[in-house]
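J.: Construct all of the structure, not just a fragment, from the sequences and the given hints.
Spelled out, the chains give:
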Amino acid sequence: MTEYLPSLLGGMLIGLSASILLLLNGRIAGISGIVGRLAQGYHVATNALFVAGLMLGPLVYGLVAGRPPASTITASWPLLIGAGLLVGVGTRMGSGCTSGHGVLGLARLSPRSGVAVATFLAAGIATVSLMRAIAS
Amino acid sequence: MSHRLPRMATALLAGLIFGLGLSLSGMLDPVRVQGFLDVFGAWDPSLAFVLGGAVIVAFLGVAVSRRLPKPAFDREFHIRGTRMIDRRLVVGSAIFGIGWGIAGLCPGPAISALALGKPEAILFVVVMVAGMVAHDRWTGQGR
Chain A
1 MTEYLPSLLG GMLIGLSASI LLLLNGRIAG ISGIVGRLAQ GYHVATNALF VAGLMLGPLV
61 YGLVAGRPPA STITASWPLL IGAGLLVGVG TRMGSGCTSG HGVLGLARLS PRSGVAVATF
121 LAAGIATVSL MRAIAS
Chain B
1 MSHRLPRMAT ALLAGLIFGL GLSLSGMLDP VRVQGFLDVF GAWDPSLAFV LGGAVIVAFL
61 GVAVSRRLPK PAFDREFHIR GTRMIDRRLV VGSAIFGIGW GIAGLCPGPA ISALALGKPE
121 AILFVVVMVA GMVAHDRWTG QGR
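Chains as they are written, first to last, in the numbering used here: chain A, 1 to 136; chain B, 1 to 143.
Hints may be right or wrong, so weigh each one.
To be verified - Restraint ranges, calculated between C-beta atoms of paired labels, are given here:
id : chain 1 : residue 1 : chain 2 : residue 2 : range
1  : B       : L68       : A       : R132      : 44 to 50 Å
2  : B       : L60       : A       : G62       : 27 to 33 Å
3  : B       : E76       : A       : A126      : 35 to 41 Å
4  : A       : T2        : B       : R66       : 30 to 36 Å
5  : B       : G41       : A       : P111      : 27 to 33 Å
6  : A       : S129      : B       : I122      : 26 to 32 Å
7  : A       : L130      : B       : A72       : 45 to 51 Å
These are computed hints drawn from the structure, not numbers from a lab.
Because the structure is a prediction, the values reported are computed rather than measured.
Note that CB positions come from ideal geometry on N, CA and C, so glycine has one too.
T.: Printed below as a string of structure tokens:
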């Protein structure tokens, strides 16, 4: 079980961040919403600062832990371009991603977010299974 | 009284804690994320602990927020009240899930991973943001 402790604690930090943003600023910590609004020029200062903090996180973690967090990207460049496009369009069409629907939607017991989470989990599982089948 | 500066400081702090959480939890590693989605293969359940821990703490935050008339630094809670489960929600979430599975990256970890300076992450984020803007322009969705 102890191998999952960093995941649990990291998850709790994400929940803490979402609670802080909600209780102090009254905003949902949905990353696709924040980035989408920033790209469209809405509430630029606060959204840009949240994004800046998001990027500072791994750097501060690296200083404390003595090594940067692992990040192994295996997809080829054409696949990354396709995946990026799907994630960008899909999160805006579905009005949320793993943070907005996944964390806050479930915390708010929103049926709409429950459907979104079940859908993107099922699609992700099907995609990875299919890719594994093709690769082997 | 304007709460602009406290609001900006809160946004930076919340982003930093979120980024720390992603780093500690292993969410920045697409291989781990794909391992979680690989339920029919070598399944790595760690992401369930990330989501579980995040939802439990956020649930407490939401419970407190429901007892407050307004947030500390704003006039109201900015929460859209729509409960509609429509085709856009399902199709959009499915499209996102396919992209998430292919790359092992969702928006938060992708942006956070930019700090690690990997060209793959930069490419992914540039295309992702282009997709977001293209969708919003096309549909006239602006928020």
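J.: In this structure, is the beta-carbon distance linking B/L60 and A/G62 contained in 27 to 33 Å?
T.: holds (29 Å)
J.: Between A/L130 and B/A72, does the beta-carbon spacing fit 45 to 51 Å?
T.: This hint holds: roughly 47 Å between Cβ atoms.
J.: Could you tell me whether the CB distance from B/E76 to A/A126 stays inside 35 to 41 Å?
T.: holds (40 Å)
J.: That 26 to 32 Å hint for A/S129 and B/I122 (C-beta), does it hold up?
T.: holds (28 Å)
J.: Does the Cβ pair A/T2, B/R66 satisfy 30 to 36 Å?
T.: For B/R66 against A/T2, whose Cβ atoms are near 35 Å apart, the range 30 to 36 Å holds.
J.: Are B/L68 and A/R132 spaced within 44 to 50 Å by their CB atoms?
T.: holds (47 Å)
J.: Taking 27 to 33 Å as the stated bounds, is the beta-carbon spacing between B/G41 and A/P111 within them?
T.: Holds: the Cβ-Cβ distance is about 31 Å, inside 27 to 33 Å.
The structure fails none of the hints (numbered hints given earlier).
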